[in-house]
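Required output: the full structure, derived from the provided sequences and hints.
Protein chains in written order, with this note's numbering: chain A, 1 to 285; chain B, 1001 to 1285; chain C, 2001 to 2276; chain D, 3001 to 3276.
Hints are computed from structural coordinates only; laboratory data are not their basis. The reader is advised that the hints may include incorrect statements.
Said to hold, decoys possible - Listed below are the simulated SDA-like cross-link pairs for lysine to any residue, each with C-alpha atoms no more than 20 Å apart in a straight line:
1. D/Lys3070 / B/Ala1171
2. B/Lys1068 / B/Pro1094
3. D/Lys3070 / B/Gln1205
4. C/Lys2070 / C/Ala2085
5. C/Lys2070 / B/Gly1239
6. A/Lys68 / A/Gly133
7. D/Lys3167 / D/Lys3070
8. C/Lys2070 / A/Gln205
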Amino acid sequence: MTAFPSLADAVAALVRDGDSVAMEGFTHLIPFAAGHEVIRQGRRDLTLIRMTPDLIYDQLIGMGCARKLIFSWGGNPGVGSLHRLRDAVEHAWPAPLELEEHSHAAMASAYAAGASGLPCALLRGYIGSDLVGQHPHIRFVECPFTGERLAAVPALRPDVGIIHAQRADRAGNVLIEGIIGVQKEVILAARRTLVTVEEIVEDLQPPSPNTVVLPHWTINAVVAVPHGAHPSYAQGYYGRDNAFYTAWDAISRDRDTFRAWMREHVLAARADDTVSGAAVEVKQP
Amino acid sequence: MTAFPSLADAVAALVRDGDSVAMEGFTHLIPFAAGHEVIRQGRRDLTLIRMTPDLIYDQLIGMGCARKLIFSWGGNPGVGSLHRLRDAVEHAWPAPLELEEHSHAAMASAYAAGASGLPCALLRGYIGSDLVGQHPHIRFVECPFTGERLAAVPALRPDVGIIHAQRADRAGNVLIEGIIGVQKEVILAARRTLVTVEEIVEDLQPPSPNTVVLPHWTINAVVAVPHGAHPSYAQGYYGRDNAFYTAWDAISRDRDTFRAWMREHVLAARADDTVSGAAVEVKQP
Amino acid sequence: MSGERVVTRGAGTTAYTPTEMMTVTAARALTNDDVCFVGIGAPSAACNLARLTHVPAITLIYESGTIATKPDVLPLSIGDPELCATALATVSVPEMFQYWLQGGRVTVGFLGGAQIDRFGNINSTVIGPYDHPRVRLPGAGGAPEIASACGQIYAIMRQSPRAFVPKVDFITSFGHGDGGDHRRRLGLRTAGITLVITDLGLLRPDPETKELTVTAIHPGVTRDQITQATGWPIRFATDVSATPPPDSHDLDVLRDLLARTARAHGTTSAAGDGST
Amino acid sequence: MSGERVVTRGAGTTAYTPTEMMTVTAARALTNDDVCFVGIGAPSAACNLARLTHVPAITLIYESGTIATKPDVLPLSIGDPELCATALATVSVPEMFQYWLQGGRVTVGFLGGAQIDRFGNINSTVIGPYDHPRVRLPGAGGAPEIASACGQIYAIMRQSPRAFVPKVDFITSFGHGDGGDHRRRLGLRTAGITLVITDLGLLRPDPETKELTVTAIHPGVTRDQITQATGWPIRFATDVSATPPPDSHDLDVLRDLLARTARAHGTTSAAGDGST
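Set out below in structure tokens:
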């Protein structure tokens, strides 16, 4: 059953040092508030998984939470580099960062395979790319009917899946709308799941029977965190803070500036205890 | 570009003797009107593809249109047998019928593989089932990472895909809502595509950005056929005619009764020429 | 239920039919935490009765893509409008089979079938040889992967020697194969058939041999009746319990449900056998 | 465009910058029948300019899942709210890559990149060795499969010796490999890169060798400028045409679009390089 703990309690119960953690949201609904709580709780040796690392992973990496990054595009969208990610890769600061690198097509399929209970995904992909050979996670199989050589990647089954969504009802069912990315897949693929939402409502009121709704029994903890996706956005609630994405370039370029910013804006803040504490039951893998 | 021909012209242009034809709609939105036009035009040697053959395929088979059936569940839902299907399989009447038999999981995945441009689909399926070995289309591959043995089935790429949907706009974009089955997959997997709709509207007005909308460039012909899914149903337009499904048991049990019914209700009828004729451009595979 | 004679009368309770006994007993096997993949017909009647009585929080899923559906009347087909209209969400059929069933999200698969054998294998494909069948049945539908992917499987079938056979003509859905650790040897990690609910009693696989064995008998039913209704020399567990009879609330809710259903469909009953 | 000097003035037309020339020329390559997979940055500016001028019926797809989107301002990222709000439909990212891209529904992939080589291979991964990169670039994103699955690829990049190199440090997205029939030998059935639009002219692969060759030169640009801006001894086709200059309508629409975009984002330009 879904619990409604505080964000601090949810992260404490669900995210452990050494875990593989996927925080997803494709430009839209990126779970910044949850990521900040992971930073505040000082998690270490995480394998961070995300198609587009974005600023939240730049922050986690810069604060030394990560040992490894599984990703497919690591930039500040429309702005340039993720400087903390580059500093970790190019200069091992604050720690070395192992990379496991995909294409979007492969990584999206790997999440879908994880959600589907399959050990691997097939795709017509990576043809002629130098990514093949860099990594043992790209292999090839033959179609048993046509003989065609197809790329295979292992399914992604994160220890923890974290997303932000528009709203939940009091049973813990969660509605996502707009650019839905791989959010459904990461929740179904992960062993433990945390969803932050803009609001908790009496009635989800999905506009269509085919609206993406995650049933409560797929989620360990739901936490109401209004504005929890800022500076990314929540369609129907607030827009993307493009100016902050642009400003991040200067903030993150220098190590000291970055740390000062994190101290002031993340470490000094407290997670909103918007819902009083409740035990989080962790489902078995 | 999508054309808006009459139903007769659309079927004449898109369905040819010997084609593999998938008419889909999972209980909901079954394209009966289009199937009836295929019967009226006397198509022969079709390979009919459909997860749940339902009454429309019972009629096509009983009228001698089919040479082969690719399917995963062939009954009259909640009522009993499809007598024309059984008569063809058990007594080769009116003609022998070759069967290629799947499970739902495999067939749904095979459509998805067809839509995905893959030659085959993998699933954790058919384990211990006698369906394996009956058919060369069920094979096994090893996961290149775990060594697990996974079932593989060839992708379904029908020559023709036919569905019924709620509505289209004047550009030919099509909206489907409710039980959406494998309708999107069959349209994306097929070489030629025909969609009948309840109505053509100025503005599709999808209730959500994530509503299933098929862009006009995936469809060769759109035909407005109000009630075109009867006796199945169109959510938001009319309900399922469960009484007819029950009545079909008696109609179809006897060969002569069946033929008399078809003469009166299908052969004597004409396709509604609700939209004046227009050339149908057939996209290249 | 019309046409079926009332043959049982529980002590001090309302009269009920064997089919009602079967449906009520099947409903009682479910819990509020179950996520249940529901076959049409008898499984659907049992699962919805459970939802309307003791397990209101149960999640019912139909293979048409409807998740957490709460139909007010029983669907005639696996995709009736009622299922979508009352569901929490409706997904595509590929997603249903890939993410929800194969993804391991379902705790119980509730199946019917034409034939079941000593080791819980189910046939819904053919009677007689596959290439020249005496009877061509509807086929697999979702059943083979329901049988392998759900946490466990409950089957509900009227007991008769034609339906309960030593070995099915065709294994559509693998139960325990030849018994023992056959599932494990095929790499299956799920429990498979753990319970068969019939109109006469309950059968469960023997913990070691996996042979279906009688573990409970419905009120008024004799061991001999069960033996006569089974196509193999059926065993009885050491401790055979007596199934509690339906209470009047169960029966009231079931009969109301079936009456609503009949009115809605214009038929006498929607609890017959059907798709998986 | 601010900060860039106006260096070209077409005969009798409005003054324009090399970047404007590049964007307008790229837009002209598209047709109304194209289904175009759009990279962020320069490709996005060109594709939307095309839609707002001569090909209003073009279908633009962004990898965030937005199909047939008609943004009023250019998105800063690949998933700005504007893209979803103005799309015909928004699908999940797995569906986008599986059904729409890999499914072969896209006629043109419009890419940018950090480096391109003589045979149209594109690098967006690393400068220097992979394990000890001098510069770590954002990585593949959608590009490897865009490059293999779309009917053909157009690339748009400012021409310089650092960007146009004899051989890329890392092939993120396969163009024509070592040239000739390399694509066919790998089983690729799509055309790959057929056009590179730069601020100096147009490059197309030689029909036989697949070496990128200059086929058109922008007004006011010299052959020597192009040679200087290319990291390999670049060839010129037998018939090199003169690219027509942008007309004032193109420029008006482009400048309005960029001005609206700047107002919306609070930045001076959204046409910079970005994700695939």
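- Message: With the threshold set at 20 Å, check whether the alpha-carbon distance from C/Lys2070 to A/Gln205 stays at or below it.
- Response: The hint holds at about 16 Å.
- With a cut-off of 20 Å on the C-alpha distance, tell me whether A/Lys68 and A/Gly133 pass. 19 Å, holds
- Message: Tell me if the straight-line CA distance from D/Lys3167 to D/Lys3070 falls inside 20 Å.
- Response: 37 Å, violated
- Message: Please verify whether D/Lys3070 and B/Ala1171 have alpha carbons no more than 20 Å apart.
- Response: 15 Å, holds
- Verify the proposed pairing of C/Lys2070 with C/Ala2085, using a straight-line Cα cut of 20 Å. 9 Å, holds
- Query: Is C/Lys2070 within 20 Å of B/Gly1239, Cα to Cα?
  - Reply: With Cα atoms ~18 Å apart, C/Lys2070 and B/Gly1239 stay inside 20 Å; holds.
- For the pair supplied as a hint, B/Lys1068 and B/Pro1094, is the alpha-carbon distance within the 20 Å limit? 13 Å, holds
- Given hint B/Gln1205 paired with D/Lys3070 - CA-CA distance at most 20 Å: This hinted pair holds, its Cα atoms lying about 16 Å apart.
In this structure, the one hint that does not hold is number 7.
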